Amino acid sequence: MLISHSRGFAVTSWIGTLLLMYGAGAFAAEGEQLFAPCIACHGSKGEGNATLNAPAIAGQDAAYLERQLLNYRNRRRGADKSDALGAQMQAMATTLADDAAVAKVASYVASLPKTVNAAPAPGNLHNGNNLYQGKCGACHGGKAEGNPALKAPRLAGLDAAYIKRQFAHFRDGARGTDPKDAPGRQMAMMAKTLPTERDLDDIIAFIHRQGRPK
Amino acid sequence: MKKGLIIGLLVAAVAFGAGMFFGRSGKQEMTISSSTQGASYSGGFKGEGGAATTGITSVAGPAPTNVVVVKDGESIQAAIKAAPKGTIIRVMPGTYHETVYVDKDDIRIIGVIEAGRRAVLDGEKKLNDAILYSGNNFVAENLEIRNYKGNGIMGQAGNNFEIRNNVIVDSGVYGIFPQLGQNGIVEHNVVSKIADAAIYIGMSDNILVAHNDVFDSVAGIEIENSRHAIVEHNYVHNNTGGLLAFVTPGLPIKDTVDVIFRNNFVVGNNHPNFGAPGSTVSGIPAGTGILVMAADDVVIEGNIISDNKVSGIIVTDHAHAQNITADPESEPNSDRVKILDNVMLRNGYDTITEAKALMLAEGKMGAKNLDIVRVGPSPGSCIINRHQYVTVGVSDFTECDFTNTSATVNYLLPPVPPREIKPGERGKVVYLGICTGCHTYNGRMIGPPVQVIQALYMDNPQGLADYIAKPAKKRDDYPEMPPQDYLDPETRLAVAQYMLQVTN
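Sequence lines, in order, name chains F and C.
Note that the UniProt record's numbering gives residue 105 to position 105 of the first sequence, counting from 1, and the numbers run on in steps of one.
Note that the UniProt record's numbering gives residue 212 to position 212 of the second sequence, counting from 1, and the numbers run on in steps of one.
Certain hints may be false.
Restraint ranges, calculated between C-beta atoms of paired labels, are given here [said to hold, decoys possible]:
(1) F/95 with C/252: 46 to 54 Å
(2) F/180 with C/503: 21 to 29 Å
(3) C/462 with F/36: 42 to 50 Å
Which chain C residues face chain F? A few, computed with CB under 7 Å, are given here [claimed, not checked]:
(4) 323
(5) 448
(6) 452
(7) 456
(8) 477
Taking lysine to aspartate or glutamate pairs in the EDC-like style, the calculated list, with each CA pair at most 16 Å apart, reads [what the hints assert, rightly or not]:
(9) F/151 with C/476
(10) F/143 with C/477
(11) F/143 with C/476
(12) F/164 with F/201
(13) C/149 with C/480
(14) C/368 with C/307
(15) F/180 with C/459
(16) C/474 with F/145
Hints in this document: simulated from the structure, not taken from any laboratory.
All values derive from a computational prediction rather than experimental measurement.
Every residue, glycine too, gets a C-beta built ideally from N, C-alpha and C.
Construct the complete structure from the given sequences, taking the supplied hints into account.
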């Protein structure tokens, strides 16, 4: 009695695991397929390619990636006249078949290991630390690792040119203006509070010190 | 004619003297002063009639005659709720697990100590605050407070307070924290193991902090954005930093002026900094005896300052400080610091690189100790008997024209009227009295900056009001925010609306 019960349990759980593995595997395989066209610009590990202006996307959480892809598709991002590079990505995002495909590729990218920015930027680390702690860390995390609870992406793996471009987009009204884009609007409000371009350079220098292998 | 000449000569003499101090000849001309002979400082607070007040030892007014006794097993809060204003709550020895709110005037919570047994408020690391008072003429005495997560005793805009003879251990970010109060005494308390400041005088005026024993905390005694404070006869040891007078940028009160640190023992403040990384207090270098940052008219006299490994005294500005975001409305320099006679021993034996670089620049690389460092501008500052100390950055300090503060007894006043709260200002007063204890406009204190909160809740004051009633943990690198559910829903909304529109 006891033995047969336990065997029954073992069998169902075995089948269950198999199903689960198959399900997850198929989902991941599909995500990987959907990711194939992205490699040309973002790299096979999603590590980004600065010469193509394509940022690292590995290291971001699935919710953030999905939201950005949807933002491109809904013309909340990459639609402003000044944003030619955003327009490139906007075109790529519309090639994904539907919301389900967006979710799959996002969760695949989120499963890739975090990347570390290859070329750390120079700057005044004292000023960068102080401004980062005062103006950025409360959302993006003390080590620029991102904070999903606040919908704020990881900044540590992004190259300097990309950070500066996005920052300018937020500040100048090319990103984060749509009334339905609450996270974008939050960031846009912060981007308007930084006094000078040099301050941003210093902040980026600080960001690039985070999460580096010592 | 003659007068003109004398002044002319004097100027020449001063210039000559200063020149000698600037020189690096190794042999400096000494100006030797005696602190018992010279003139007394007269630059501080003047009470009505022009004289520095003297001899006041109590500020809360006459003791109430109505007395209520709380025994072990009963609730202090229940007794306060039932009591009329003007009541002494006598708390018998025992253990009390509660948070006590005092929003009436003239309440005195007096512990009864029997053969060493005290009334113990124990938060069991579950409760946030032991005592929060917003009433005026509040007195807390003879209590023992332990294991709270937020504050031991926090004042929120109450005037004429007396906090004495309490033992406070391991009770969150601030041990004793009067915020936005005028006319108060903090004396004979023993405070230890506090993650920010053991005794934190915030945005307050006319304060006496005396005879306290303060140790094993990040900041010992901190006078912040406050005016007219005397800190004397305290024993401040094994903290990260001992005595601090500074301006935290981004708070509604923009300056710290007129602080006297005198006759304290400031010993071995070398405790590793355990403040939250990135927060203001985590920027204090472990080994700091006395720190003056952007505070004006700070007098340092008669202290025994020893065995602080970075430096006995550090005078600095906002630009050089770690984890500080400048505030355009705060003057960033420490103006008119006055260093009188102090006994300095064995300080700076293991100092920070920045200080070493300065010593190098002044040709003092051979020195094994460092008593006084000044970085950043400090206009109008003076010192006496500078030859006694190993210093960097004080060569442009002038000779003080006084040698002691004996003419200033204290800055206390007879009971002052309560802070005036106009109708419609509820949100503002709560913001000033409570929220700015942990949130500054543009920097990281205990909680996230207000500017960031404004971005997060830009068109959602109700969301903010709901959050503070029951805060969720959102940031790994910040402590928990204590619930503000003791405020009624209208007040919570009022403070949310106020917080979302402040501009500095």
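Going down the list of hints, with the structure as the test:
1. F/95 with C/252: 46 to 54 Å: Between residue 95 of chain F and residue 252 of chain C, where Cβ atoms are some 53 Å apart, the hint holds.
2. F/180 with C/503: 21 to 29 Å: holds, 27 Å
3. C/462 with F/36: 42 to 50 Å: Holds: the Cβ-Cβ distance is about 46 Å, inside 42 to 50 Å.
4. 323: Result: holds, 5 Å to nearest chain F Cβ.
5. 448: holds, 3 Å
6. 452: holds, 4 Å
7. 456: holds, 6 Å
8. 477: Hint on residue 477 of chain C: holds, closest Cβ of chain F at ~4 Å, below 7 Å.
9. F/151 with C/476: The given pair, whose Cα atoms are some 14 Å apart, holds under the 16 Å limit.
10. F/143 with C/477: OK: residue 143 of chain F and residue 477 of chain C at ~9 Å, within 16 Å.
11. F/143 with C/476: Given pair residue 143 of chain F, residue 476 of chain C holds - Cα atoms ~11 Å apart, limit 16 Å.
12. F/164 with F/201: Holds - the C-alpha atoms of residue 201 of chain F and residue 164 of chain F are around 8 Å apart, at most 16 Å.
13. C/149 with C/480: holds, 9 Å
14. C/368 with C/307: holds, 12 Å
15. F/180 with C/459: Judged against 16 Å, a Cα distance of about 12 Å means the pair holds.
16. C/474 with F/145: The hint holds at about 14 Å.
Going down the numbered hints, you'll see the structure goes against none, and every one checks out.
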